[in-house]
Amino acid sequence: MLFTGGFPEVRGVGREAELWGLLFVAGPPLARGEEIKIVWRMTGEGPLRVKATLPDGTPAKLAWGPEEHGGSSWHKPGEEWGTGFVFPKRGCWKIELTRTRGSGYVWLPVK
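The numbers in the sequence shown follow our numbering, run straight up by one, and end at 112.
Among the hints, erroneous ones may be present.
Label-pair restraints from in silico Cβ distances [what the hints assert, rightly or not]:
hint: 1; residue 1: THR101; residue 2: ALA32; range: 31 to 39 Å
hint: 2; residue 1: GLY47; residue 2: TRP75; range: 28 to 36 Å
hint: 3; residue 1: PRO56; residue 2: ARG16; range: 17 to 25 Å
hint: 4; residue 1: GLY71; residue 2: LYS112; range: 13 to 21 Å
hint: 5; residue 1: GLY58; residue 2: GLY7; range: 27 to 35 Å
hint: 6; residue 1: TRP108; residue 2: ARG50; range: 26 to 34 Å
hint: 7; residue 1: ALA64; residue 2: LYS95; range: 26 to 34 Å
hint: 8; residue 1: THR101; residue 2: GLY28; range: 31 to 39 Å
hint: 9; residue 1: GLY34; residue 2: THR101; range: 28 to 36 Å
Treat the hints as calculated values from the structure; they're not laboratory data.
Beta carbons are placed, not taken as given, at the ideal position from N, Cα and C, and that holds for glycine.
Required output: the full structure, derived from the provided sequences and hints.
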């Protein structure tokens, strides 16, 4: 995670895409059971699909989104979407993002 004088950023691993997340939290690890807002920027084409799971297959609840944003002051490549997740358990969560062309993922710690 990168701290650049504001909210923490995370750079994802992409395939045919570049992926960034902006976490609206004070810092890691993320808190379980609370709704966490994450804004995504991702290159590629097509609509965005997002899911989060633990290695044991436990899913996180997607409280809202992905909602496409028309623009913002956060400057990273690609289109921008907002999401709200509730992580029910502690652990390292894999968040996977896919578009018609392009996919990627990030790992986020939850306490």
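(request) Could you tell me which of the hints above the structure violates, numbers in ascending order? (result) 2, 4, 6 and 7
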